[in-house]
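Enquirer: Heads up: the protein sequence lines correspond to chains A and B, in order.
Everything in the first sequence is counted per the numbering used here, starting at 144 for the first residue and increasing by one.
Everything in the second sequence is counted per the numbering used here, starting at 144 for the first residue and increasing by one.
Rather than coming from a laboratory, the hints here were simulated on the basis of the structure.
You may find that some hints are simply not true.
Identical chains blur together in the list; that is why a pair holds if it fits in one copy or across any two.
To be verified - Within a straight-line C-alpha distance of at most 16 Å, the following computed EDC-like cross-link-like pairs (lysine to aspartate or glutamate) qualify:
| # | residue 1 | residue 2 |
| --- | --- | --- |
| 1 | 429 | 155 |
| 2 | 477 | 539 |
| 3 | 509 | 288 |
| 4 | 509 | 376 |
| 5 | 477 | 502 |
| 6 | 509 | 281 |
| 7 | 477 | 501 |
| 8 | 477 | 537 |
| 9 | 429 | 149 |
| 10 | 326 | 170 |
| 11 | 477 | 533 |
Nothing here was measured: the structure is a model prediction, and the numbers come from that model.
Protein chains: 2
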Amino acid sequence: MNYFLDLVPVTEAARVLQTCAPRLPGETVPLPAALGRILAAPVSAREDIPGFSRSVVDGYAVYAADTTGAGEAIPALLTITGRISMGEGSIPPLNRGECMYVPTGGVLPHGADAVAMIEYSEEMGRDVLVRRAVAQGENVTLSGDDFRAGVEVFETGRRLSPRDLGVLGGLGYDTVNVVRRPKVGIISTGNELVPVDQVPAPGEIRDVNTYLCHGYVMERGGDPEIFGIVPDEREALEEAISRAVESCDIVLISGGSSKGERDMCAAIIEEMGTVHIHGIALAPGKPTIIGTIGTTPVIGLPGHPASSYVVLIALVDELIGAMTRSGVHRNIRKATLRTNIASARGREDYVRVRLTGDEATPLFGKSGLTNTLIYSSGLVRVPESREGLETGEEVEVILW
Amino acid sequence: MNYFLDLVPVTEAARVLQTCAPRLPGETVPLPAALGRILAAPVSAREDIPGFSRSVVDGYAVYAADTTGAGEAIPALLTITGRISMGEGSIPPLNRGECMYVPTGGVLPHGADAVAMIEYSEEMGRDVLVRRAVAQGENVTLSGDDFRAGVEVFETGRRLSPRDLGVLGGLGYDTVNVVRRPKVGIISTGNELVPVDQVPAPGEIRDVNTYLCHGYVMERGGDPEIFGIVPDEREALEEAISRAVESCDIVLISGGSSKGERDMCAAIIEEMGTVHIHGIALAPGKPTIIGTIGTTPVIGLPGHPASSYVVLIALVDELIGAMTRSGVHRNIRKATLRTNIASARGREDYVRVRLTGDEATPLFGKSGLTNTLIYSSGLVRVPESREGLETGEEVEVILW
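If we strip away everything but chain A, and leave its shape as in the complex, we get (with noise of 0.2 Å):
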């Protein structure tokens, strides 16, 4: 494989990526444990929601037809017939002349087609003076209101929020089929790395990637398995991806800085599967691999952990959307540029800034420090259309 001769284009990366991401099952579960899971399937209503109409406020169910006219000086005169109590059902019907009292929420007899507010009527012994005249259909939901019978109320793909399991709940659904969670592997490569809780000896640093892809996989509603920090050996290498192929959906390893080291990785994935793409148009994360083993991606990460956080917005978000069918949704703020930024034609460029009001201001550092990553707001991406961004430019920012 010839190393960055013929950079692969983003697009062309994220088209790769798609083609390979093999959809996940649906799985039940109960409603209070669907949030923030992906929709297997569609829902539907199975029935009228509210299944009756209802008043919305406190008020006398009436004949709209017999309050026309009514103001404070000629109030309309109603027999009152009865009290409906919230929850209740069978109540007998309303005829002309008459109404009844009705709780907000409550149901409304047949025959009424709308409510006189308590606010505009006076009780007077079986009498109700109502001195407000109101229109057929006001202070009132019809059945099916809310949701007709047989609508589609969510798509497949959509991630519930706390606002759709209320309204899951209100459909009938105690249970949701949404889509298993991926389960990720994350191995982490690299003779100078040490585990969090050692103090590095000169030419040794901790792991940062393990616990910035775990946290990721978790954001992204994935279900991470660290498989630790495995030396650059490409015995140890093999054996770490084999068991994280067998039980993953999605294998991420990360690091292999120098180019011998990323050599070895994709002659791993190359030996036990197919690697798709080995360099990517892509700044940073122009060394990530995209590879399958069977038939479970394994994406080879850049070393430094801000280039691999890139690498994890800009594709894998692409492969984790397709194999959920949730798609990519990014939290997008526009903003203005407040220094310029330089870029080549033909790579994609994705610089952490930082916001402030209106203004994205680019934080530039050294490779391989993550201070970065805490200081920023999210990403600004440069089309491989463009050689750079301007100062005062406006430009959209990924939120992280």
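With chain A fixed as given, assemble chain B onto it according to the hints.
Expert: Chain B only, in chain A's frame:
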């Protein structure tokens, strides 16, 4: 208590919530489990990160001064005295006129102050030709460049992102001191309510608020506990509130859509503790109750799900933000209003809107309907000083 005669402004309600918000204690969790948790104490760098000066490219560690004037025509000639491997720490010092091969991330030998990239260098036996001059510090990061020992990296109250977990790993924290999750009890009241797995008879509706609140609490990093549907009977409600107060940090009681039910809930809280506020100049959300029983905040939410959710966002966010020290973080997007919104001076309104590009369209629905919760993108707040907002105005949308 005199109903709605003197409604409390939202700002005052938020202040009261902050004063009755008990601070949650900290607890120690393993680093990977800290995603989305809130720091209970600041975190500082305990040593310089990185702990040594290193190369950011594959190349040759040099004295920059030895390359002065070097170019294609007249390269600098240096003697190669070693090859540094990744993770190797004990390296002999470099003398003038010498160089050592160093991979990306490798330790810089004592004396070296720059790295000549491999792309501009050529090995010839024991010598290296450097064809481009490097400046002092070029292609090098120094010890402490990422984080200086002793510097405060994260503040108390920070909600930890995947990037934060990576950096915490780099700083050597394999456990993190985070605020304990608030345990939030959820009670739904109303004789009209049936569990979600039942088909409602006429007059009945399914319990939406339990799932709405459950999802909300989880999304805010809390630990929800469902106490189920309680009929509007004093004894049953007293018993449920007692149990919830005993085991929870916050109790949310939704429902009581009629005046009588709301009064009963307030009377019970008053009997068991204190009602601080009953009735807020907020639409929807006017009948909200803010109380405490012992030191536990007890919030009475409106029965209508959409109104309930507005109160969660407008007020309960303040309570949780204060209890967890995280404050309230809203995802705001600016947009242009497409139609007028009417309001009343002296009242804060929260209107559901749908975002299409940069335009926000208010979704008006009869109260009691839930579909606007899923067809909207968020809320626009109409401040109490305004009588409404006008078409074409720039507004801030609080995204869901």
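Enquirer: Indicate, hint by hint, whether the structure satisfies it.
Expert: Hints, one by one, checked against the model:
When the C-alpha separation of residue 429 and residue 155 is checked against a cutoff of 16 Å, the pair qualifies only within one copy, where the shortest distance is 14 Å, while the shortest distance between copies is 54 Å. In this homomeric assembly, residue 477 and residue 539 come within 16 Å of each other (Cα to Cα) both inside a single copy, at 5 Å, and across copies, at 13 Å. Only between protomers do residue 509 and residue 288 lie at most 16 Å apart by alpha-carbon distance; the minimum there is 9 Å, versus 58 Å within a single protomer. Taking the shortest Cα distances, residue 509 and residue 376 never come within 16 Å of each other, neither inside one copy (28 Å) nor across copies (66 Å).
Taking the closest pair of Cα atoms, residue 477 and residue 502 come within 16 Å of each other both inside a single copy (9 Å) and across two copies (14 Å). With identical chains, the CA atoms of residue 509 and residue 281 are at most 16 Å apart between copies only, with a shortest distance of 10 Å across copies and 66 Å within one. When the C-alpha separation of residue 477 and residue 501 is checked against a cutoff of 16 Å, the pair qualifies both within a copy, at 7 Å, and between copies, at 10 Å. Taking the shortest alpha-carbon separations for residue 477 and residue 537, both the intra-copy value of 7 Å and the inter-copy value of 14 Å come in at or below 16 Å.
With identical chains, the CA atoms of residue 429 and residue 149 are at most 16 Å apart within one copy only, with a shortest distance of 11 Å there and 64 Å across copies. In this assembly of identical chains, residue 326 and residue 170 lie within 16 Å of each other by CA distance solely inside one copy; the values are 14 Å within and 28 Å between copies. For a Cα distance limit of 16 Å, the shortest separation of residue 477 from residue 533 inside one copy, 15 Å, qualifies, whereas the shortest one across copies, 23 Å, does not.
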